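Construct the entire structure; sequences and hints are all you get.
Here numbering that gives the first Met the number 0 is used: the first residue of the sequence shown is 0, the next is one more, and so on.
By construction, these hints were calculated from the structure, which means they are not laboratory data.
In silico DSS-like links for lysine-lysine, alpha-carbon gap of 25 angstroms or less:
| no. | residue 1 | residue 2 |
| --- | --- | --- |
| 1 | K1 | K272 |
| 2 | K45 | K23 |
| 3 | K284 | K272 |
| 4 | K45 | K14 |
| 5 | K202 | K170 |
| 6 | K123 | K170 |
| 7 | K90 | K66 |
What you are looking at is a predicted structure, and each value in this text was computed from that prediction instead of being measured.
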Amino acid sequence: MKFAGRMNSFIFKGKYDLFSTIEKYRSMDDVTHLEFNYPEHFEGHKIERIREAIGDMKVNGVATRFKAPFVAGEFTNTDETVRAEAIKLCKEAVDACRAIGGSVVTIWQAYDGYDYPFQIDYEKAWGQMIEAFREIADYGKDLKISIEYKPFEPRNYTMLDGIGTVLLAIKEIGRENVGVTLDFCHMLMKHDNPSYSMVLAAKEHRLFGLHLNDGYCAMDSGLIFGSVNLPQSIELVYYLKKYQYDGVVFFDSFPVREGAEEEVAANIKTFQKIWNLIDTVGMEKVEEVISRNDGVASQQFLIDILAS
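As structure tokens, then:
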């Protein structure tokens, strides 16, 4: 598998800058790819300097980060100047991704949403959003443009809040290079079943990215993968194997009190353990259990494999 860790896991500790973080990831076993935020990780640095630091490591992609000017919305902002700036930021992220050898631009619309009844014109906002994605997808037609959804936070409601609305949006956008990035915690917050959401995306060949972590559903906890919802984590890995996911597994978790290097390593080790466990059990055995549609048999199967 291909693995990437979160830059800010190190940077937010205060002891690392962008370049020392890249160097740390270069020295870590099993980390194969780098992920960057735009403009956050590019501000104040020349692209040539970033490329030099990357060296022979691989880059998966660039994720957009919208700040204060966009708090009333990015693609749905009623101020056309701000809306144009949001689209421009995404196009700049496409340019940055190309420049450092990445293949995926992940767009998380932190502020495209609403907080109050009668606050926005839903149909108009939806149309603005679809138009923006078409423009960005056409500009970056050589790259994958991936939508990362989150049901709330910082807005109380977001325009793209679950797998259903995202797949509907992708259908309306109508571009082959637009897909979805699934974040485990975000799916839990929506009360989506992560494996079900993954299957819906994968069967349409629209699963462009994967952010793994864990949490308690109420917020974006960003805990170590498999630490809270282990059965659902095992099921997700099974379906990743079934649908032959060959993208990068990015661990979007937040080591606030933990050591960053140790926390990244724990994520990778957990994923690998689950991956190997399914290999030991065998895909056929898992499929046989699923075919029974029997909750008791499913629970016994889970207990048996954990005990083994």
